[in-house]
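Asks: Top line first, the protein sequences correspond to chains W and V.
For the first sequence, position 580 (counting from the first letter as 1) is numbered 580 according to my numbering, and the numbering increases by one without interruption.
Heads up: take any position in the second sequence, counting from 1, add 590, and you land on my numbering.
Hints may contain errors.
Pairs of lysine-lysine, DSBU-like flavour, derived with a Cα cap of 35 Å [said to hold, decoys possible]:
{"id": "1", "chain 1": "W", "residue 1": "K31", "chain 2": "V", "residue 2": "K869"}
{"id": "2", "chain 1": "W", "residue 1": "K31", "chain 2": "W", "residue 2": "K110"}
{"id": "3", "chain 1": "V", "residue 1": "K869", "chain 2": "W", "residue 2": "K27"}
Here are some chain V residues pointing at chain W (derived, C-beta under 10 Å) [unchecked claim]:
{"id": "4", "residue": "T686"}
{"id": "5", "residue": "V689"}
{"id": "6", "residue": "V747"}
{"id": "7", "residue": "G769"}
{"id": "8", "residue": "E843"}
{"id": "9", "residue": "T859"}
Worth flagging that the hints you see were computed from the coordinates, not collected in a lab.
Model, not experiment: these values are computed from the prediction.
In this text, a Cβ means the ideal position worked out from N, Cα and C, and glycines have one as well.
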Amino acid sequence: MSLFNGLGLLWLLLVPALVILYMFRPKRLRKPVSSLRLWQAMPQMERSRARLRRPPLSLLLILQAIALAAGAFALAQPALTAPAGRHTVVVMDASGSMQALENGQSRFDKAKDEAGTLITKLAGQDRLTLLRAGVHVTTACAECTREEAQRSIAALTPGAGTADMAGALSVAEGLARHTERGIDAVLLSDGEFGTLPTEDVKFSLRFVQIGGPVNDIAVATLSARRPPDGRSGYIAYARIENRGTTEATIEVAAMADTVPLPTRSQTVPEGGHTSLTWQVPAGTVRFTVSISPQDAVPSDDRAVLFLPSAGQYRVDVVSSQPDSYLRVLGALDGLTAVTNTTAPGAAFTIIEGTLPDPLPSGNLLLINPNGALMKPTGRVAEVRPNILDAANPLVAGIDLNALLVSDASTYEMPDWLDTVVDSSKGPLVLAGEQNGRRVVVLTFDPRRSNLSKLAAFPLFMANAADWLYPLAGAQTIAPGQPLQLAPGSSVQTPSGRTVTVEPPGLFTDTDEGGIYRVTGTGGNLLLQFAVNMADAPQEAVSVDHPELNNPVELAVGQVTSQAFWLPLAVLALALFGGEWLIYCLKRGSI
Amino acid sequence: MRAARDLRSVFSGFRKRVTRAGRPAANDSGMVVDGDLLQKLDRLSLSLGRDLIHGLMGEHLAVRRTSGIEFADYRQYSAGDDLRRVDWNAYARLGTLHVRQSQAEHDTLLYLLVDGSPSMEFGQPSKFLLARRLAAALGYIALAHLDGVVMTTPGAVEDARKPSGASLQSSSLNTIFRGRAEAGSLFRTLQALKTQSVAQFDDLMVGWTARHGQGRIAVVISDLLLDGYRDGVLQLLSSGFQVTVLHVLSSEELSPPDMGDLELLDSETGALMDVYLGKEGLDEYLRQLRAWLADSEEWVRSHGANYLMVHSEWDVERIMLDMLRRRGVTA
């Protein structure tokens, strides 16, 4: 037993004080009687005249002393010590590959069974934290009891994207740091992720491999572009990958809205792929590709595109000379450029020069900015790019070697911005996300460079438009990718959930694969978009990760405390009540 | 007849204050008489041994007949009355039977002693109130049957705030009431009394035998907390009185409520006494009380007197119609 407030025991001094009070001889109550005759024969007790006496061992004194002692102990906040319960952290892999079916059961359901087994082994004091590792790591239940954990497990569903297992491991590590005794972490996954850093893992870690080898043929890519020759409609491109261990012959079906296009039979070698294109008729809104027969991962056997209509999305341009931007954006299907407005609802906004305060909602392309978000620190001249992040989608397929910037600004670099195009004198192109908002920064005025004269300019703007508003090209996004939508609109997810978009309009709940419907406040359909597993490259393999097994003996002897001051306080009150009752009964008041 | 009407008017002023059960009414105002009770008392008479009757009384049969009678009043005939005393002339006029009542030359007297010492003020209602109620009831029975009543209230004084029609010289002196017409005076006198001081009974009772010299009926109503009554009772008994002792005690004397350290104050002497009344002390008190009561009763009975202990809370009607009747005091 321990005391949270040891000073509370000072109240025990009231007990001897009470005894001292009882030691004072009480003044006798004078009672008139008819005659002393009846009392004369009573044996006369010699009573001391001393003011003090030996404390009488009366029931009232005993009750009062016990009540005071109980009250003092309650104020000291005693607590019972008991062996500490284990804290188990279960990481559930919720990636798309966990949807793979084996013997009629998905890997995710197998993982749930494993987690259920772990939960049944929890003792009364044990607690369990359940982490769902999808594109983002979410906590399904924190330090919950067995019953709460079982409810949380039952409610879990897999996503369509990859699993952020590194993030989940970081969360577990944070939990271990804040727990005296440490944690016992268990990763339930098919192992479809790279090698994780384990040097900081100081807690007990166990990897439970879920699933085995399966044959999976997937629609790995589905995209659409306007035909380069200016014809109407779209050209759709699909890449079919055979991720199994045997050659497979499949039927590939495509539908333009509800009109089926000719089915194609394809033979895909093991580990190989095949590419297909379709001429999508003009006016098609939805284009669907599916393969048969169904394999172990049915969710990646189908992909959907929503094709934007011309000028469907508005881009606001805030510039004194917007002509070059309007010309480039006008060539991009689905976008309509509007100048000098920052009204809500724009796909993204291009701002040149001084930044308004506040900034418009949504994603931003900032040209040579000057404002609270980006404060210039100086200027540099005659700058040429020398470092290029070729993997960045903003500069994919672009040759900027001929770029010459005559005048550029230098900035205090916010930590949320990454350099895409660098130079010896400072960054030229930056990109990053701040609170879910995507921002691209050009540190120079294109007119103070030769960029607008280069062929790379319209390509860069197209890439920027794709990155800033993915639905502008083809209305499909990768699982977990955030999306800027009109605040107040409602999104119906593929599983039927309805999510209202809160200001400032960032929608992040895109982990499910399937079709999302966005409706306005009046219930009118604003847009539809698809989340395909094809946009989150992953294979339905099952990989063991022996490096993730780190048995650590949990510390013993740690204790937890359970305060029980309340029963003591109740006892003290009950004793005082009983003492009062006895007093009243003796006085004849009751 | 006029005298009877006067009595009715006096009685009508008194409300029924005493319950018929053993407990007092919550709003007991301390009235000594109850009109309903008086009507019931009309059926009772004092029970006298035949050797006690020496003169001609209206209703008591005497061994020795008397020749001289004086008409006093009429009353309605009731079963058992001597038919020789029915007034047939009145029957011829009124159609109802009336009995002639006469006043003996040598009155039969009821001697009442009501203890007025301060100790009688205890109890709820007080012992003194019950004593006065019993005295009123017994006195009414005597007066209603043409017996005389001699009353003395040692220790009591008249309460000046209350009107009294009685010619009391002193509360402790003998006061004589005769005839039904003086019942109202008896009641008013009793109503006006209050306790004041301690007085010895012996001299008063000896005085009864000296002044009247003839043995009759004597009723002593007291809590007997002073031993001074025994000589007087012995003197009365030896003088041929039929003596009844009504021992009045209150519930707080029979079962003291207060426990703990007490400083007892004697209401009569002012003496103080320290006691610790715990459970053992209370048991000892009750044991002493029972012994004292048994001793008092035994002493009274062993000398040929009647003894009855009554609680101050008891109903007068119950005492008069039941307890005293069973002990042969009334008939």
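Asks: State for each hint whether it applies.
Replies: Hint check results:
1. K31/W to K869/V: 18 Å, holds
2. K31/W to K110/W: 87 Å, violated
3. K869/V to K27/W: 20 Å, holds
4. T686: Because about 51 Å separates T686/V from the closest Cβ in chain W, which is outside the 10 Å limit, the hint is violated.
5. V689: 46 Å, violated
6. V747: 19 Å, violated
7. G769: 36 Å, violated
8. E843: Where the cut-off is 10 Å and the nearest Cβ of chain W is about 6 Å from E843/V, the hint holds.
9. T859: Hint on T859/V: holds, closest Cβ of chain W at ~7 Å, below 10 Å.
Against the hints set out earlier in the document, violations occur for numbers 2, 4, 5, 6, 7.
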